[in-house]
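Asks: Just so you know, the protein sequences line up as chains C and G, in that order.
Numbering-wise, the first sequence is residues 1 to 96 according to our numbering.
Numbering-wise, the second sequence is residues 1 to 377 according to our numbering.
Hints listed in this document are in silico derivations from the structure and should not be mistaken for laboratory results.
C-beta: ideal position from N, C-alpha, C; glycine also.
Hints may be right or wrong, so weigh each one.
Unchecked claim - Sample of chain C residues at the chain G side, in silico, Cβ under 10 Å: (1) A21; (2) L22; (3) P24; (4) F27; (5) L30; (6) Y32; (7) Y34; (8) L39; (9) R43; (10) D46; (11) A71; (12) R72; (13) R73; (14) W74.
Stated by the list, open to error - Every beta carbon over 12 Å from chain G, so not counted as near; a handful from chain C, in silico: (15) D11; (16) S53; (17) D56.
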Amino acid sequence: MSTATIAFDADRAWRLHDRVALRPEPFGALAYHYGNRRLTFLRSPDLVAVVESLADAPSARAAFDGSGVDARRWPSFEKALTSLVAGEFLVPKDTP
Amino acid sequence: MTQLTDQLTLGLNAPICLTWEWTYACDLQCVHCLSSSGRRDPHELTTPEMKDVVDQLAAMQVFYVNIGGGEPMLRPDFFEIIEYCVSRGVGVKFSTNGGRINAENARRLAALDYVDVQISLDGIDEATNDAIRGEGTHARVRRAMDHLRDADFGSFKLSVVMTRENVGQVDAYEALAAEYGAELRLTRFRPSGRGIDTWHDLHPTSQQQVDLYHWLLARPHVLTGDSFFHLSALGEPLPGLNLCGAGRVVCLIDPVGDVYACPFVLHDEFKAGTIRGEGGFAAVWQSSDLFTSLREPSSPGACGSCGSYDVCGGGCMAAKFFTGLPLDAPDPECVFGHGEDALAALAANGGAVRPSMTADHSKPLGVGRRRIPVTAL
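Please construct the entire structure, taking both the sequences and the accompanying hints into account.
Replies: Encoded structure:
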């Protein structure tokens, strides 16, 4: 587990941590981190789609763009991803 | 309630917090035991059935299970099933009385990934703890904690059920947990199981509950399993979902495979089905009549005119049921005293009819079972 604090940056490429699992739920998805045992709620299906598309996108912003979701909602995605990065659910794509 | 808790009350594809009790056997006879454990049930799940449940949970993406009992370590296949859970990606958090945590078992546990241990202690000193858990158990738990530390297990959880006798010791528990590099977990004493008989004399007083609320509010790192959500009516909500999750985010599988709405209602009225039936656990979780009805909007009943209903949701279903209150009555420990009033009204009307356990596995009195000395207050 990384101890350095990494901040979310929408221009960077991200992916789910290897030890994170997503479970689809009616409200979106549950995310569980087997490493730090944290559980979190992804509270919209659009957010789940964005998170799942991160690994194939050159940047988070590109994933937002590719999601087809109105740009006015992007700040709420940024906020959610910031918290997912803080909980180590997301790591930079180039993390070994 | 928030939008999220609204959605959670409608039910999920799988539980978030699943308690799975592995055996009714226990070498202790704690006076507050939620499952009235003691004797093993002859119909407990076999090793292949246990593994089949693990497979079902893995398929439903249940990320982890809370394992309890009885004393789960008394199952001869304990490590075999634990290792199977881990191999299938089902994390394990198990509660133990510590009696079987010797040096070797502590090393075995430390070597496993995804395994958390929660060890029960109900008094900082021998007199307080042993009155609840039985003679010699304080010393035994401390030895188990030493073994976990010596085996470099890492952070385990020290778990205390809050009673009238020990709630004043919270600072000492915090210090003890810190000394071992452990996390502290405090949970609510429910009037379930053998607690049906002991709760009335041992549950914290209303002043103690107010003090506990402020203590917890200042210590968000102390774990509570969301069990004190009835106290959130006092003001700022405690961390957690603050809702009764029975059949919505929580359920229990008992040692014979019966599925109940939560770990505190081992009673026929809250039995949703059995994992031995067609469709297994998923069928019970997704479509049993009981769980379907628990996911429907419920009436606030007697709490409808209270401004705090949105925060506490009327409190704990099990606490009401086992004290003889209707399910739409206030929680017996309602912070505004409405529960005490409701209990007093029941008593004035000829006494509350308290349900008894439908499956009591207690050992007969006299077999290592000791009545707690109770003083009427």
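Asks: Broken hints, numbered, in rising order?
Replies: Result: hints 10, 11, 12, 13 and 14 break, sorted rising.
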